[in-house]
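S.K.: Since each chain sits alone in its own frame, please combine them into the complex, following the hints.
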Amino acid sequence: MKLKALAAAAMFSAAALSSSAFAADKPVVGLITKTNTNPFFVKMREGAKEMADDMGVELRTFAGKFDGDNQSQVQAVENLIASGAKGILITPSDPEAIVPAIDRARAAGLLVIALDTPLSPADAADATFATDNFKAGEMIGQWAKAQLGDKAATAKIAMLDLNTSQITVDVARDQGFLKGFGIDIKNPNRIGDENDPRIVGHDVTQGAEEGGRRAMENLLQRDHEINVVYTINEPAAAGAYEALRAVGRQNDVLVVSVDGGCPGVENIADGVIGATSMQFPLRMASMGVEAIVEYAKTGKKPQASEGLDFVNTGVELITDSPVDGIESKTSKQGLNSCWG
Amino acid sequence: MSNASTANNNMAEHERVADSAGGAVANFATEQLSLVERAHRFFHSNPVAAPAIVLLMAVLVFSMVIGERFLSPFNLSLILQQVTIIGILGIAQTLIILTAGIDLSVGAIMVLTSVIMGKTAVMLGFPPVIAFMAGMAAGAFCGWINGILVTVLRLPPFIVTLGTWNIFFALNLWYSQSETIRYKAIAEAAPLLHWTGQSIDILGAKLTYGSLLMIGLFALVWYALNWTPWGRHVYATGDDPAAAKLAGIRTERVLMSVYVVAGVICAIGAWALIGRIGSVSPQAGMMANLDSITAVVIGGCSLFGGRGAIWGTLIGALVVGVFRNGLALAGVDVLWQEFTVGLLIIVAVAMDQWIRKA
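Top line first, the protein sequences correspond to chains A and B.
Heads up: the first sequence begins at 1300 in this note's numbering, then just goes up one per residue.
Heads up: the second sequence begins at 40 in this note's numbering, then just goes up one per residue.
The hints are simulated quantities; they were obtained by calculation from the structure and are not laboratory data.
Hints may contain errors.
Stretches of chain A that chain B covers, calculated by requiring three or more beta carbons in the stretch to come under 8 angstroms of a beta carbon on chain B [to be verified]:
1) 1535-1547
2) 1566-1576
As a list, the in silico DSS-like pairs of lysine-lysine whose alpha-carbon atoms are at most 27 angstroms apart [what the hints assert, rightly or not]:
3) 223/B - 1631/A
4) 1628/A - 158/B
5) 396/B - 1364/A
6) 1631/A - 158/B
Idealized CB from N, CA, C, for every residue including glycine.
Only chain B is shown next, with the shape it has when bound in the complex (with noise of 0.2 angstroms):
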């Protein structure tokens, strides 16, 4: 009994003690904040919003300049398919920037296994599924090596791709002999490989298949790095590898995985670059390792790792389709079409280490 009055008594001294102290508890959330803070903020939470915002108002100038030409169902479906390829690799390429690296042979994976499924069809005769699996097999086997390099022998992911891009490029090149397989030839041999260039109208516009496959590669990888254990070790990853690991995830297999799903995902952009343009061609892709990169950045994701999101890459890669649509449509020089991408770039990157100030 004797003890329960001194717990009471304490309780009594407790309440008395946090009385006291007021109810100022939440009162960080109350005080004033001028708009740039609240911006800052908005930003900060929400790393897709900036870009949106500049798809919005592009694509908003863009219908005002030029009209129904630009707005047409059919333009903005024309759009999307441009942007296909480089939307594929800016997959690839932000999950390997979300572990804080970057690759460079995004571009040469692609190329390679496109001739590789081409060759495989078209020149060694076999089924067209099983060319499909062959490209499959060696961007898995591309990322491997990127991966086996950066985890095992530690080499900075930068430098790592920055040979592996020449390495695959030269193996392109030397498999390939430098022959373009053509449009025909594909036909013919392996239909499967053209599988991405067909396309559905709805409403006037045109999606091909591989536009589809492209969101629906956006939704499984978002899918995967916002709801599964293994997206979130790579966020865990790419913020911060030491306390990643001190919380128990092994962050080599991690990368390792990462680097391995990035080559088949590149893969994927092969089979969806031999829809687009017909032909198998050993000169595709040069520059789109640094288009991939421009897509990502412009999509809000942090180039120093762990901030990001996949739905960004999409409409950073639909930014630039959209200014070199929208400027082409409006008869602007094509020079000032790369001005404004690189203008845009600068913007992103700005943007971004202002929103990453805490």
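Just chain A, same shape as in the assembly (with noise of 0.2 angstroms):
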């Protein structure tokens, strides 16, 4: 019986082998995602899938087990290094506990690019790719300050914010919203240290709805006349308007958000939110994989955009109420290139 068990299990393991060994033909790519549950890198490993199918190469993904799993992403590393990869696509999620990782990956000879979330320091990684999310809340100001004209100077904002470690992608929407709608933001690299009479406050949505909804109770009591509200993501958004609705201000609310998921530009469509930016996860994998081809025929290693120390992989506007001298695109257009 053991025997049997031994046989079967050396016959199994040298199967294994020898389909990894035939596998290895082709040049192989992997992709670390922070967890494989999120619609944002399931999208991602679509993207990366389909490029690396039509540029004949393997891809093999990995994913942590939750939002900051560092142990499980260090495990994938050493796996791709051990099977000969080319590079490695990682959305770190522990941006700076993963750079001794990701140092023997590179002494290696592997091109790493980090995707969505740049490593820290950022240029622990070969190159990064990435959404300007800076950017991307400064347009969500802007049209907000737009939205509102002359009552502008007189807004009541809340920021419901992802959690309390003023992570770099929570930071720069928070900073990047409050400068685009006018407001002096001190510290860009920190969440809260701005004075300005118009900010009610700040509270955590850890990104989901049933959060969003408590910051934005909260924050109600806090203050009843919000008239201005800044999510961290679309469930977020989700929630707070829940509680706006739960106490008849729906209505007279502006709700923006940032990310261009399905469900969000639905929401933009039905009034929920008032305008988001959108992000492309998609071709931030499938650029990532295009550069790890590039970078093993050629050895040319990916640019930084201009003016900045990242590959800027895009954002969108999506509103159906444009202001003039904002670009935008309507929800209709949105559903055509949202993703989850």
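M.R.: Okay, here's the thing in structure tokens:
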């Protein structure tokens, strides 16, 4: 019985070995996401897979078990080094803690590209392909200001952020929005150091509906007259809207957001969200695969976009109430390019 | 006759002995107790007292610091709304913890069943009542799986539910394809699922049906735990399974029933969740398992089983809700809210350890 099991195991591992040896004929590209649950990363995997198939390379995907799971990502990097991959695309769960593993990968000759979230320091990766999150925030800030017109000077703003860690994406969107709205943001790397009386307060949502609703309820209790709501992403915006609906304020408050997920874009069409900045995870991943294949062939590394320290994968404003001077697309157009 | 006189003599003899022993039978009650010892006994016999005092003090302090904005009927009802989901999951968690177990899968069961309800009604087009029943059945089934693993395979509840937490969550992502079902789609196809989000106004307070449902559930489970044989068996099984078995309680069946009931309660939590956030989101409830344990622990329920009252969990959830809401209204940075909740947990468990010392 035991012998049989052993023989079966040996056969199985031999089969596994030969299949991986077979696959090793194609160059390997690795994609490591924070989790495999968020539609954003699901879309990323889709984009990478399509491009990998087109270019005739093998894509291997890995993910952390939860947001912040560094250990699984380190293991994934090690596995990819061991399997002789050409390069790694990674959305780091812990941008600092992953760096030693990334150093080992680069020392072994792999091209490492950070997707969506830069490493810390950013130059620990060969390149970063990301949304310009500051710009994304700035666009919805400018839009909100233009919508309000003269009333922008006396607006009451609620800021619904992600969490208390002040991570780069959270900070960039928050600060971008405030700058776009015309508020002195002091230190652009710090949420909450502003003293403009128009800001009622900041609260955290964990980027989810329930958090968005609770944060909105508590800020409304601090000031009933809130009329502009910034949200870190569209689920938080949907939750905030529920809180506004519960007190009958859903029609006289501007809710803005960032992401461009399909439910979010549909919520623009329904008037739940006023405007959102759409980002392009699919493009991030497909451009990343392209860059690694290019590097494997010619040794050329991707160059950062002008004026930025990363490759900008683009951001578009989606709204059904366009304002002069800010380029935007309608929710109908947005539905063609949304993700998730 | 002589027999009777002997009996009389014997009786007298017996009484003489009793007399010579002195009348100090109830002496221990008059011994002087220190304040600490008296407090210890008070908390020992009233497990809900400690969290209730903390809640009262918190309400008092926040009313003084913030005033009307905090103490308004609307804000108080808001806090009740904000603790509804954790409160309901807390009921399920209390039942499991009373049996000296722990359930890490409550949040995952809730999200999975909410997705099942939403999908059955919106995507598959079944009548809302069928969708609701499907959710309840799925909740019971999830609980049944946990129960089988705990009672038949005799695996520790912590490990079982650590495993099923991941399994249920993965099933949720697979079944929902990580897609959110939006408010509008549910409002059109299945308004029944939004019922828990509707509210009635009483003197400015906004009580949602979800909150009332939570209070009703607490009352129901309180009754079941204290006034039915099943409830007493749950306590007995948690306190000392071996002794409970010797007393003729079929502890395996009690455990099994507790897990199934907990699963159904999580499904009811899913109903409240849909009412509150309006949509069905596969990303919801990530931390709900830990939050529910927090409520149970602050509520004075012993993690070692067999000791604790169901109302304590409601108070525990309210303590967390009051601190979060109060600190937010006072404009305190959010990270200090998390700090405070952490502190409350440590204090609550330290209290429990002290109270448990006989």
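S.K.: Evaluate each hint against the coordinates.
M.R.: Structure-based check of each hint:
1. 1535-1547: With 6 residues closer than 8 angstroms to chain B, the stretch 1535-1547 of chain A meets the three-residue bar; holds.
2. 1566-1576: holds (count 3)
3. 223/B - 1631/A: holds, 17 angstroms
4. 1628/A - 158/B: violated, 31 angstroms
5. 396/B - 1364/A: At roughly 40 angstroms apart (the allowed maximum being 27 angstroms), residue 1364/A and residue 396/B break the hint.
6. 1631/A - 158/B: holds, 25 angstroms
Of the hints listed earlier, those the structure fails to meet are numbers 4 and 5, in rising order.
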